[in-house]
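Given these sequences and hints, build the entire structure.
Each protein sequence line maps, in turn, to chains P and W. Numbering of the first sequence is given in numbering that gives the first Met the number 0, commencing with residue 0 and proceeding in unit increments. Numbering of the second sequence is given in numbering that gives the first Met the number 0, commencing with residue 0 and proceeding in unit increments.
Certain hints may be false.
The list that follows gives simulated cross-link-like pairs (lysine-lysine, DSS-like), each with its CA atoms no further than 30 Å apart [unchecked claim]:
| no. | chain 1 | residue 1 | chain 2 | residue 2 |
| --- | --- | --- | --- | --- |
| 1 | W | Lys50 | W | Lys96 |
| 2 | W | Lys219 | W | Lys94 |
| 3 | W | Lys131 | W | Lys32 |
| 4 | W | Lys303 | P | Lys279 |
| 5 | W | Lys253 | W | Lys50 |
| 6 | W | Lys253 | W | Lys219 |
| 7 | W | Lys253 | W | Lys264 |
| 8 | P | Lys277 | W | Lys297 |
| 9 | P | Lys277 | W | Lys94 |
| 10 | W | Lys219 | W | Lys32 |
| 11 | W | Lys96 | W | Lys219 |
| 12 | P | Lys279 | W | Lys32 |
| 13 | W | Lys297 | W | Lys264 |
| 14 | W | Lys131 | W | Lys94 |
| 15 | W | Lys297 | P | Lys279 |
It should be emphasised that the hints constitute simulated quantities derived from the structure, not laboratory data.
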Amino acid sequence: MSFSFTDEQAEFRSVLRRFLAEKSPTTEVRRLMETEAGFDREVWRQLSQDLGLTALHIPEEYGGQGFGFVELAIAVEEMGRALLCAPYFSSIVLAATAIMNAGDEAQKRDLLPAIAAGDSRAALAFTEDNGRWDAAGVSMTATPRDGGYQLDGAKSFVLDGHTADLLVVLARRPGSAGEEGLSFFTVPGDAQGLTRRLLQSTDGTRKLARLEFQGVSAELLGEEGGAAAPLSHTLDQAVACLANEMVGGAEMLREQALEYATLRMQFGRAIASFQTLKHKAADMLIDVELAKSAAYYAAAAVDGDDVDELPAMASLAKAGGAEAYMQTAIHAIQIHGGIGFTWDNDTHLWFKRAKSSEVFLGDPNYHRELMLQRWRD
Amino acid sequence: MSEDTEVSVRAEVRAWLDANWDPNMGLVDWRNKLADSGWGMPTWPSEWHGKDMSSDLGTAVEEEFQAIGAIGVARAGIRMLAAATLLEHGSQMHKEKFLRRILTGEDTWCQLFSEPGSGSDLAGASTRADLKDGRWIINGQKVWTTSAHHAQYGLLLARTDWDLPKHRGLTYFVLDMEQPGVEVQPLRQMNGHASFNQVFFTDAEIAPEFMVEGLGDGWKIATTTLMHERRGADGLRRWSMGTDRPERAYVEEKTELATAMAPYKWYPQRMGRVDLVIERARATGKLDDPTVRQEIAKLLILSKSAEWTARRARAAQVLGRNQGPEGSIGKLAASHVARLANHVHTLINGADAMLTGEDSPMDGVIAEILVSTPAISIAGGTDEIQRNIISERVLGMPKEPRNDTDRPFRDVPRNMIR
Ligand SMILES: Cc1cc2nc3c(=O)[nH]c(=O)nc-3n(C[C@H](O)[C@H](O)[C@H](O)COP(=O)(O)OP(=O)(O)OC[C@H]3O[C@@H](n4cnc5c(N)ncnc54)[C@H](O)[C@@H]3O)c2cc1C
Numbered sequence: 000m001s002f003s004f005t006d007e008q009a010e011f012r013s014v015l016r017r018f019l020a021e022k023s024p025t026t027e028v029r030r031l032m033e034t035e036a037g038f039d040r041e042v043w044r045q046l047s048q049d050l051g052l053t054a055l056h057i058p059e060e061y062g063g064q065g066f067g068f069v070e071l072a073i074a075v076e077e078m079g080r081a082l083l084c085a086p087y088f089s090s091i092v093l094a095a096t097a098i099m100n101a102g103d104e105a106q107k108r109d110l111l112p113a114i115a116a117g118d119s120r121a122a123l124a125f126t127e128d129n130g131r132w133d134a135a136g137v138s139m140t141a142t143p144r145d146g147g148y149q150l151d152g153a154k155s156f157v158l159d160g161h162t163a164d165l166l167v168v169l170a171r172r173p174g175s176a177g178e179e180g181l182s183f184f185t186v187p188g189d190a191q192g193l194t195r196r197l198l199q200s201t202d203g204t205r206k207l208a209r210l211e212f213q214g215v216s217a218e219l220l221g222e223e224g225g226a227a228a229p230l231s232h233t234l235d236q237a238v239a240c241l242a243n244e245m246v247g248g249a250e251m252l253r254e255q256a257l258e259y260a261t262l263r264m265q266f267g268r269a270i271a272s273f274q275t276l277k278h279k280a281a282d283m284l285i286d287v288e289l290a291k292s293a294a295y296y297a298a299a300a301v302d303g304d305d306v307d308e309l310p311a312m313a314s315l316a317k318a319g320g321a322e323a324y325m326q327t328a329i330h331a332i333q334i335h336g337g338i339g340f341t342w343d344n345d346t347h348l349w350f351k352r353a354k355s356s357e358v359f360l361g362d363p364n365y366h367r368e369l370m371l372q373r374w375r376d
Numbered sequence: 000m001s002e003d004t005e006v007s008v009r010a011e012v013r014a015w016l017d018a019n020w021d022p023n024m025g026l027v028d029w030r031n032k033l034a035d036s037g038w039g040m041p042t043w044p045s046e047w048h049g050k051d052m053s054s055d056l057g058t059a060v061e062e063e064f065q066a067i068g069a070i071g072v073a074r075a076g077i078r079m080l081a082a083a084t085l086l087e088h089g090s091q092m093h094k095e096k097f098l099r100r101i102l103t104g105e106d107t108w109c110q111l112f113s114e115p116g117s118g119s120d121l122a123g124a125s126t127r128a129d130l131k132d133g134r135w136i137i138n139g140q141k142v143w144t145t146s147a148h149h150a151q152y153g154l155l156l157a158r159t160d161w162d163l164p165k166h167r168g169l170t171y172f173v174l175d176m177e178q179p180g181v182e183v184q185p186l187r188q189m190n191g192h193a194s195f196n197q198v199f200f201t202d203a204e205i206a207p208e209f210m211v212e213g214l215g216d217g218w219k220i221a222t223t224t225l226m227h228e229r230r231g232a233d234g235l236r237r238w239s240m241g242t243d244r245p246e247r248a249y250v251e252e253k254t255e256l257a258t259a260m261a262p263y264k265w266y267p268q269r270m271g272r273v274d275l276v277i278e279r280a281r282a283t284g285k286l287d288d289p290t291v292r293q294e295i296a297k298l299l300i301l302s303k304s305a306e307w308t309a310r311r312a313r314a315a316q317v318l319g320r321n322q323g324p325e326g327s328i329g330k331l332a333a334s335h336v337a338r339l340a341n342h343v344h345t346l347i348n349g350a351d352a353m354l355t356g357e358d359s360p361m362d363g364v365i366a367e368i369l370v371s372t373p374a375i376s377i378a379g380g381t382d383e384i385q386r387n388i389i390s391e392r393v394l395g396m397p398k399e400p401r402n403d404t405d406r407p408f409r410d411v412p413r414n415m416i417r
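Right under this line is the structure:
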C-alpha cells in the first residue's frame, strides 16, 4: 500500500482542478441544479472526449484507459470539491463498474466502449422505495418471456436515472428472496413500459429519479441469479469513490471557511484571531485529514491484491467521511455567521451535498455495522 | 405558588372566557377586549394590559385559552421583543401608542440591529443618525432583518456619536418603516424561505420623541431586547398554528398567520422538531433499530434536560431574580438540540432524507428541518458569543483583552461595506 500519490497522479489532479474551476464555478452549479437534466452537454463532451475522464478506469480492451480506482478516486474527489453537476458518478462509478463486474465478455465489449467515450450515459437502478442499499431489499421481478425477460416493479433514488441512455437494473426471479435469484438486466432509457420521473431533492446537484417498470423487456446482464456478489463488489467500489468525493467537498468547505475567517472583522479584529475559531479551524483540519486518509486507503484497497480487504475499508471510509463532511459543513456555515445561512452564499450548496452524501449508498450507522461484519482481525 | 391561586385563577379566566369569548367577533375587537381585561398578557403590569401575574400563572391562563380554543393576543415575532423593551424603557407616549396595537396584531415590528459589518459585534453598528432641523436623519444599512418587508415599525440601533467609544455612541429609536427613506429587499435563505431582508436608509426621518430613553443609551436598551430574544429562544414557546374553523375570528387569525406570520413558518423546523421523532421512527420502522434508538434516546435526554433547564430559569425569575444571562444557557442548549435532531431525523428517514417537497416525508417538513437547523446557532447571537457570555458573565472568567472599546469609534478597524 502506497501512502502518497505519484507525480503523475498529482499532475492529473492539478489539470483536473484547473478544468473544473473553469467549467464548474458555483454560478454554473447553481444554473445546472435548477435544470431537470442537471448537467451541461458541452462540459460532458469536454470531460469525456478532451480529458478522457469517462474512460478512466475502464480496461483498454473495452475502449477505456485502464487506470485504477486510485485515479478514479482522484477524479471524483476533484468533482466533489467543485460540486460538478454531471452524471459521472452514476454512469462511470456505478453503472460502468457494475457492467465490468457482472457482464460477460461479449456484453462488456458491447456496452462499455460507448460509456467510456461518454456517448452513452448509464445508470444503476437497484434501490427501491424502501430505500435499502443492499441486494436483499430488491423486490422488482424479472419474468422470462420470449427468450428474454420482462421487468415489473419500481426503482427509486436512482442517480441520474431520468436522463440515462442505458439502465442497469437489479431484479429477482419471482418467488426468490434475499440474495438468491437476483440478476442484472439492461434496459434502454426510452424502453416501452418504463416511466421515469425526477424526484425533488434537497441537493439539486445530485439528481435522483423514480422509475416504474410495467412489463418492460430487458436483457440479462451476466449470469442469471448471480447478481448478489457483483452488486456487493460494485457497491464497495462505489462507496470507496463516494468517500473520496466527500473529502473533496469537505476540503473545499474547510478552505473557504478559513479564508472567510481571515477576512471578516468583528470587535476590531479578524474573527480568525479568536481562539475558539482557531480551535474550530484546527479541528476541521483534523476531521478532513483523517477522512482523506481513510478515503485514499479505501481507493487503494480497490486496486490492491488483497481482495478481501476492500469491503470493511470501503465502509470505514464512508462512515468516517460522511461524518467529517457533515461536521465540516456545519462548522463552515457557523464560521460564516448569518451570511452562511443565505442562499446567495455558496456554503449551503456543499452543506446539502454533505447531507445527501450522508445517506446516499447507506448512512454511517449502516456502514459501521457492515464494516464490523466484514472486519478481519 | 400555592395550588389555590392557580386553581382560582383558572376558575376566574374560565368564567371570563365563558362570558366574553365569541369566535364570531372580529379578531381585533376580540384582542382589544383582551388588552382591556388584562387576560391577553396576564404577566404584564396591570396598568399596561396585564394582571401582574407570575409566569406560572400566565402559563395556566394560556392553557385555559387553549382548552376551549380561544384565540390569544398576537405574540409571534419581534413584536413581543418590542413590547418587552418598551415596557422597560419606553416613555408613557410610546407605551400608549404602541403596546395595544402590538397585542391586537395591527402592527408588526422588526429589529434593526445587525449590519453587514456588525453582527456579533452589534456595538460596531455604523448606521448613522444625525440631528438636522429638529429631526433625526438616518443613513446606512441593516441586514438579516426578519419581517422588515411587512413591518410597520422597527427597533433601530444607530450611531449618534463617532468620537465616543463604540458602546457609548449608540442610540435606540423607534423607526416608522413606511416612509420613502426606507427600502427593504428580501434575502433568500438556504432553506428557500425569504423571511429576512436587507434594509437601506437614505435620509429616513425620525421625530425626536421616538428616541427611546436618552442619547447614548442605545447599547443598554439593545441589551434588554437581546436578553428577551435569547430567553425566547429556549424552545419553550408554542406557536399558534391556526385552525380551519369557519367562525370569523378563526378565519381572520388564519389570514394573519398566512401573511404576518409567513416568515416564521419554518421556525418550528429550525428547532429540530423533536416532537416528530418518535412518530416518524415508528412510521419508518426505525424505532426497532437499536442503533437509531440510542440516538433518539440521546436526543430526548438532551431536549428534556434543556426544557427543564429553561423552566428552572423561568422559575428563578418568578422568585424575583433579575432577568440575567441565564437565557444564554437555554439558547445554547436549543442549538445543541437542533443539531442533534437534524442528525436523528436523517437516520430515521434514511434515503428519504435526500428528498424534498411533495416527494418527501410529511410534504417537506422533514426536509425543511434538515436545511433549517443551522439558523439556531447563528440567529440572535451565535453559539460562540453565547459561550463568551456564559464564561465571562455567568462564570466570571476574565474578559479577553480588547482593542476596540477604549478609543473613539471612528478609529476602530472595521470591515469595508460591500
Ligand atoms: C435566521 C436568522 C434570523 C435573523 N434575524 C435577525 C433580525 O431579525 N434582526 C437582526 O438584527 N439580526 C438578525 N439575524 C442576524 C444575527 O443576529 C447575526 O447573523 C448574528 O448575530 C451573527 O452575526 P454575523 O452574521 O455578522 O456573523 P459574525 O459576527 O461575522 O460571525 C462570524 C463567526 O465569527 C464568530 N465570532 C464573532 N465574534 C466572535 C468572538 N468574539 N469570539 C468567538 N467567535 C466569534 C461567530 O460566532 C461566527 O461563527 C438573524 C440571523 C439569522 C441566521
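Each hint, compared with the structure:
no., hint, verdict
1, W:Lys50 x W:Lys96, "holds (20 Å)"
2, W:Lys219 x W:Lys94, "holds (19 Å)"
3, W:Lys131 x W:Lys32, "violated (41 Å)"
4, W:Lys303 x P:Lys279, "holds (28 Å)"
5, W:Lys253 x W:Lys50, "holds (28 Å)"
6, W:Lys253 x W:Lys219, "violated (37 Å)"
7, W:Lys253 x W:Lys264, "holds (13 Å)"
8, P:Lys277 x W:Lys297, "holds (29 Å)"
9, P:Lys277 x W:Lys94, "violated (46 Å)"
10, W:Lys219 x W:Lys32, "violated (34 Å)"
11, W:Lys96 x W:Lys219, "holds (23 Å)"
12, P:Lys279 x W:Lys32, "violated (53 Å)"
13, W:Lys297 x W:Lys264, "holds (27 Å)"
14, W:Lys131 x W:Lys94, "holds (26 Å)"
15, W:Lys297 x P:Lys279, "holds (24 Å)"
This entry does not satisfy hints 3, 6, 9, 10, 12, going by the numbered hints stated previously.
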